Amino acid sequence: MTFPAQRGCPGCTRDDMEEALFARRGTLWTFTTQAFVPKSPPYIRVETEETFVPYAVGYVEFDGQARVEGRIDVADPSTLRIGMEMETVVVPLVEDIVTYAFRPVEEGSG
Amino acid sequence: MDVAIVGIGIHPFGRHDGVTDVEMGVYAARQALRDAGLDWSDMEFAYGGSLGMTTGGGGASADTMVGYLGLTGLPFVNVSNGCATAGSALAMACSTIESGQFDLGLVVGFDKHARGAFDPDPAVLGLGKWYGDVGLMLTTQFFAMKINRYMHDYGISESTLAKVAAKNYRNGALNPNAWRRKPLSEEEILASRILNYPLRQYMFCSPDEGGAAVVVCRADQASRYTDRPVYVRGIALRTRRFGSFEVMAPWMPIERTPAPTVDASRACYEMAGVGPEDVQVAQIQDSESGAEVMHMAENGFCADGDQERMIQDGETEIGGRLPINTDGGLIANGEPIGASGLRQIYEICLQLRGDAGARQVPGNPRVGYTQVYGAPGVGACTILTR
Chain A
1 MTFPAQRGCP GCTRDDMEEA LFARRGTLWT FTTQAFVPKS PPYIRVETEE TFVPYAVGYV
61 EFDGQARVEG RIDVADPSTL RIGMEMETVV VPLVEDIVTY AFRPVEEGSG
Chain B
1001 MDVAIVGIGI HPFGRHDGVT DVEMGVYAAR QALRDAGLDW SDMEFAYGGS LGMTTGGGGA
1061 SADTMVGYLG LTGLPFVNVS NGCATAGSAL AMACSTIESG QFDLGLVVGF DKHARGAFDP
1121 DPAVLGLGKW YGDVGLMLTT QFFAMKINRY MHDYGISEST LAKVAAKNYR NGALNPNAWR
1181 RKPLSEEEIL ASRILNYPLR QYMFCSPDEG GAAVVVCRAD QASRYTDRPV YVRGIALRTR
1241 RFGSFEVMAP WMPIERTPAP TVDASRACYE MAGVGPEDVQ VAQIQDSESG AEVMHMAENG
1301 FCADGDQERM IQDGETEIGG RLPINTDGGL IANGEPIGAS GLRQIYEICL QLRGDAGARQ
1361 VPGNPRVGYT QVYGAPGVGA CTILTR
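Protein chains in written order, with the numbering used here: chain A, 1 to 110; chain B, 1001 to 1386.
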């Protein structure tokens, strides 16, 4: 699987890929934090040192599908661990615009 | 490969307000020509690398240099190929000579990047605008995520990351052309703030400004221009294959394949007929200290995980078994992309000639190695001998 969807397959070079859904849950393959203010553009939020809230990003591995990169919705990035279970959620990005993101699965909520 | 480098030049890397990108390239070109005892009018062809012209950074195309060097009518080709721009320019110059089309030419690269992290337009890398919108369009995140996983898999310590940076600042302090010339201790590096976990501020290189150039010719004609030629024995460029973990990738398949550096490196060794065990001094891409660690293995200098012991034991120091980034690398020199790969080659030429002064690798090294890696997943290597 690719992300986003595309017709051409970068693995086998054919061009008849079909759309499919990723699993809702996967495991955290790697991650990092974004602790300095990204330039805007390309970042959609215009931030200053005073307003900027650091965020986390990572790749989540969906079993048998692919690893997908995205923002991680977590209050304290220091709690992140490679291999932890994650689920895909939709979170606000700026007014009227949302994005997909990954959130650690709370123990016992599975 | 029957190509020799007979002249080298460099414009100091760093911040140079009031000096244009092209002026830095011209400076480096004239120095390389002087080093070879040649004039611009002797050049039969030229390849010029700069990334600024293609990324909206406002840079000039390299061929505008002819307006300053002289309008001799020579074929001058602009090269822009991501972080392998300089390596690509040299590779094409070598092919031009090998083909018999021309015997003598110039390869030059320069760039003048804005302050702060690179902020390319996602469209330049074939990505949707959304990728920039959500805050993923940062090369530094990739390097951090790659070394985070690598540390998890192979037991590399934070102390080792700090030791790499400390070494490169120390080497940079010995290099008059470097940008960062103040040594920083491991403790100071570990006390700097985390920019992208697990990487700290002083573990990163920064985009900056500079230029570098070499004069190349047919190997059998090298003695006309110098008594100390450096020969290009191997040169290879590779792009990413399906399954490699690359910078600014919204996804990757689960099955892993080797990085483009691994492919380029193997091709380069094969072309040169030498192995990694023969290399006596190397300049490799240290966009941050984790990159140097991982690229040591990708270039065949050790197995994954062995870097921990090698770096803790000082094997990559100037006096060590395999000195790496003797000029301070990207960490001390910064990264003007079009010039960065030629800066590495400039340093290897100095080392093989015995002209590296306070940072000279002892034992009269004969075999040197260079490697660049970067967006959008491209690696380029060279093997140089005297």
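Since the hints were made in silico from the structure, they are not lab data. All values derive from a computational prediction rather than experimental measurement. Take these hints with a grain of salt, some might be off.
Said to hold, decoys possible - Pairs of lysine-lysine residues, derived as BS3-like cross-links and limited to a Cα-Cα distance of at most 30 angstroms, are as follows:
#1 B:Lys1129 - A:Lys39
#2 B:Lys1129 - B:Lys1182
#3 B:Lys1146 - A:Lys39
#4 A:Lys39 - B:Lys1182
#5 B:Lys1146 - B:Lys1129
Stated by the list, open to error - Distance windows between CB atoms, simulated:
#6 B:Lys1129 - A:Gly11: 41 to 47 angstroms
#7 B:Arg1309 - A:Arg103: 34 to 40 angstroms
#8 A:Ser40 - B:Ala1358: 53 to 59 angstroms
#9 A:Pro92 - B:Gly1243: 56 to 62 angstroms
Where is the CB? At the ideal position from N, CA and C, for every residue including glycine.
Check: Does the structure break any of the earlier hints, and which numbers would those be?
Finding: 2, 6, 8 and 9
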